[in-house]
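Input sequences plus hints: build the corresponding full structure.
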Amino acid sequence: GIQVEQSPPDLILQEGANSTLRCNFSDSVNNLQWFHQNPWGQLINLFYIPSGTKQNGRLSATTVATERYSLLYISSSQTTDSGVYFCAVEPTGGFKTIFGAGTRLFVKA
Amino acid sequence: NAGVTQTPKFQVLKTGQSMTLQCAQDMNHNSMYWYRQDPGMGLRLIYYSASEGTTDKGEVPNGYNVSRLNKREFSLRLESAAPSQTSVYFCASTPRTGTQYFGPGTRLLVL
Chain A
1439 GIQVEQSPPD LILQEGANST LRCNFSDSVN NLQWFHQNPW GQLINLFYIP SGTKQNGRLS
1499 ATTVATERYS LLYISSSQTT DSGVYFCAVE PTGGFKTIFG AGTRLFVKA
Chain B
7 NAGVTQTPKF QVLKTGQSMT LQCAQDMNHN SMYWYRQDPG MGLRLIYYSA SEGTTDKGEV
67 PNGYNVSRLN KREFSLRLES AAPSQTSVYF CASTPRTGTQ YFGPGTRLLV L
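Protein chains in written order, with the numbering used here: chain A, 1439 to 1547; chain B, 7 to 117.
What the hints contain is simulated information worked out from the structure, not anything from laboratory work. For glycine and all other residues, C-beta sits at the position ideal for the given N, C-alpha and C. You can trust all of the hints, since none of them are fake.
For the chain A half of the interface with chain B, some residues (derived, Cβ under 10 Å), not all of them: (1) Asn1469; (2) Ile1482; (3) Asn1483; (4) Gly1538; (5) Ala1539.
Written out as structure tokens, the structure is:
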């Protein structure tokens, strides 16, 4: 089945710093999503981005489907950005969403 | 809109007991999903329902059954709970294609 790899696994930032999170996937996909899981366990959808670039405030994402990767950019990080960021893909031809293992982010004040 | 709701929030079971986790959404979404999340890991798909009246297995279906009762509700049943099923269970829904919206989760401990 399709493999989803996220990097880095862990990231510590000083408040105000920028970062890039990466998601690589091993096969073609119908769609790709980015989620943030906050320290209380709640999962919040950030982007639905099967291809192209989207921006939402300090966050933006780019998916290059032909090269099988997606990037999530966080600018001017804040302590509330802490948590785990997941990439999830839906392989072509099905509904079976596959999650990566996540990037655990801690932003220090 | 309440979005996606799950009950119960917490549950402790003994090995061999059964229980049903309930999920409901009020967004008129076609597709619904059940995931489990083990400590330090990503989510793994247990079962999904692409539309009312259909269900299908995900990555880790063994030990579980599901029912898509109507368009709003999708339940997950553990017939004989095992310690390996200790996890946090999330329900999600989506329109036919698009972003998945998650419920708050059910924390299950099987002793």
